[in-house]
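Protein sequence lines correspond, in order, to chains F and R. Counting along the first sequence from 1, when you hit position 298 you're at 299 in the numbering used here, and nothing is skipped either side. Counting along the second sequence from 1, when you hit position 77 you're at 136 in the numbering used here, and nothing is skipped either side.
Hints in this document: simulated from the structure, not taken from any laboratory. Hints should not be assumed to be uniformly reliable.
[What the hints assert, rightly or not] Short derived list, chain F residues pointing at chain R, Cβ under 8 Å:
(1) SER41
(2) TRP42
(3) ASP47
(4) LEU69
(5) PRO76
(6) PRO78
(7) ALA161
Model, not experiment: these values are computed from the prediction. For each residue, glycine too, the CB sits at the ideal point set by N, CA and C.
Letter by letter, the chains look like this.
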Amino acid sequence: MTRLRLGFIALNDAASLIVADTKGFFAAEGLDVDLVREVSWATMRDKMSVGALDGAHMLSPAALAITLGASGGEPTPLVAPFALNLNGPAITLSSRLAGALDTGTSAEGLARLIAWRRTEGASPLTLAVVFPFSTHNYLLRDWLARAGVDPDRDVRLTVAPPARMTELLVGGVVEGFCVTEPWDSAAEAAGAGLIAARGGQLWPRTPDKVFTVTEAWAEANPQVLQALLRALLKAAAWADAPENRDELVALLAAPQHVGADADVIRRSLADMIFHSGGANRPEPIHAGWLAAQMMRWGHLPADLDIAALARRIYRPDLFGEAATAAGLSLPPPLEPLKGYSTAGEFRLADARRHAAQGPLSRIVGA
Amino acid sequence: MRVLVVDPDPARAALVAEGLAGVKPLEVRHAAMFDEREAAVFGPDVIVVASDSPDRDTIDSLRESTAANPRPVVMFVDRSEPGLAEQAVLAGVSAYVVDGLSAARVRSVLEVAMSRFQLMNGLRQDLEKAKADLASRKTVERAKALLMKERGLDEDAAYKLLRKLSMDTGRPLGAVAADLLAFAGVLKGGGS
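Isolated chain F, as found in the complex:
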């Protein structure tokens, strides 16, 4: 048996890791996995950098930032050979705020409220995301910017732990947040918030978490990596199968996994995709889209070669080997991305143009 330490954060999208561990898919591939729950992405990053973890559940933009060293510390090149989920992030506003909006919870209503508050001299609203380099930060920024709200000037963006979001809403510390399920549905169930928009409404089949290992580890352990990917593929298929839904809900609800109410988890899984439609193949175009968002907001240098970065980190070739071994047939690679950008279809080759043409882009003279 090969011993491995893998890290996860308490979110629905850790499902395939949790299933592979508890349902014996890792063991069936000869892997003795110690699945460790971490409570912050920063610790996950640090443990990956020093080799205290062999693999990690990871925010896609964090994988890009950690590779470049943009997230603090020395650059640690990561590879993402497996996508854990599509859909799952959502934008939730406090019930208080949602009640004050004349047009429900759309960003246009929020934009009017923010403009009104400014004329009244009120302090800017505070909204939380889970990590600076997260799908959530960029999804929330895009949602705000499309309605003309400047995320750096018109609101105050802060970072808070996912499991504490409801408490922060109730306490009035934040007025809204963008986080992956089940923490949006949990806020709704507690009567503290209302889901204003789901990720898939802005970015269809929203790319969210990936499974990552370091580039060095992938090169040194190609066979172990393939065994891991085969186990994850089987676990992901299991997690998506309707007949396993009851058991999946119970697994996720367990206190050592996500630790949330089972009914909330069941509801919050509704639009999440763990496997179907080739969801597990890491699509470089997804990494490119997220990198373009990072560039748009000035979080990556404007001269960075996005296509090269996306193809270095997202590795459909490594995934394809495992998929072929599992006898899986895959749809053709995803390109272009449709329905994401207000500047038309998104292709890797013109990522920089999209970064510059996104509303309120920080790129000057594009």
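Mind docking chain R on chain F? Use the hints.
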């Protein structure tokens, strides 16, 4: 120098604070949760944070949002000593410092925090082991009593039988005793 220790484990935080108080004339405060407003009032030069604190991402992000940030915070990574940051990660502690603070001063704080974290981890492990030992001893006593009653053995003979079972099966004495008790329970429950 002001040090803020953020640790959800109050006992460990107190241990770190106590250790730091002995090192230098400095002000140490500990909090189970990070509160940005309280932190801004205190104005720490160093924030020591446990890696099992859910507030780590909040503290980690402060250097990203400089406009709203009370103090510029950077994660402590001493490039001249690459092993130190690694040891800190493995010990479960990290430090965030105000830019410009001398590396030597930060290092002494981090070293104290690391040693206290390791001390606490050691104590916790010893406690767990002591608890397990105690539970195992109780199980062995009960299994011994069962053998004495059911087989009419004296205490010494009952113990020797358990030890023989343990050696024959290569399993700990406590596990053998637990199996015996469980088995006896099944026989009682299902049989006569």
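Structure-based check of all given hints:
1. The criterion of a C-beta within 8 Å of any C-beta in chain R is met by SER41(F), whose closest approach is roughly 4 Å, and the hint holds.
2. Annotation: interface hint on TRP42(F) holds; nearest CB of chain R at approximately 5 Å, less than 8 Å.
3. Taken as an interface hint, ASP47(F) checks out: its beta carbon lies about 5 Å from the nearest beta carbon of chain R, inside 8 Å.
4. Evaluation of the LEU69(F) hint against chain R yields a violated restraint, the C-beta minimum of about 14 Å exceeding 8 Å.
5. The beta carbon of PRO76(F) comes no nearer than 12 Å to any beta carbon in chain R, farther than 8 Å, and the hint placing it at the interface is violated.
6. Below 8 Å, beta-carbon pairs count as interface contacts, and PRO78(F) has none with chain R, the closest being about 17 Å; its hint is therefore violated.
7. Of the supplied interface hints, the one on ALA161(F) holds, with its beta-carbon coming within about 6 Å of a beta-carbon of chain R, less than 8 Å.
Consistency with the previously given hints fails for numbers 4, 5 and 6, ordered from lowest to highest.
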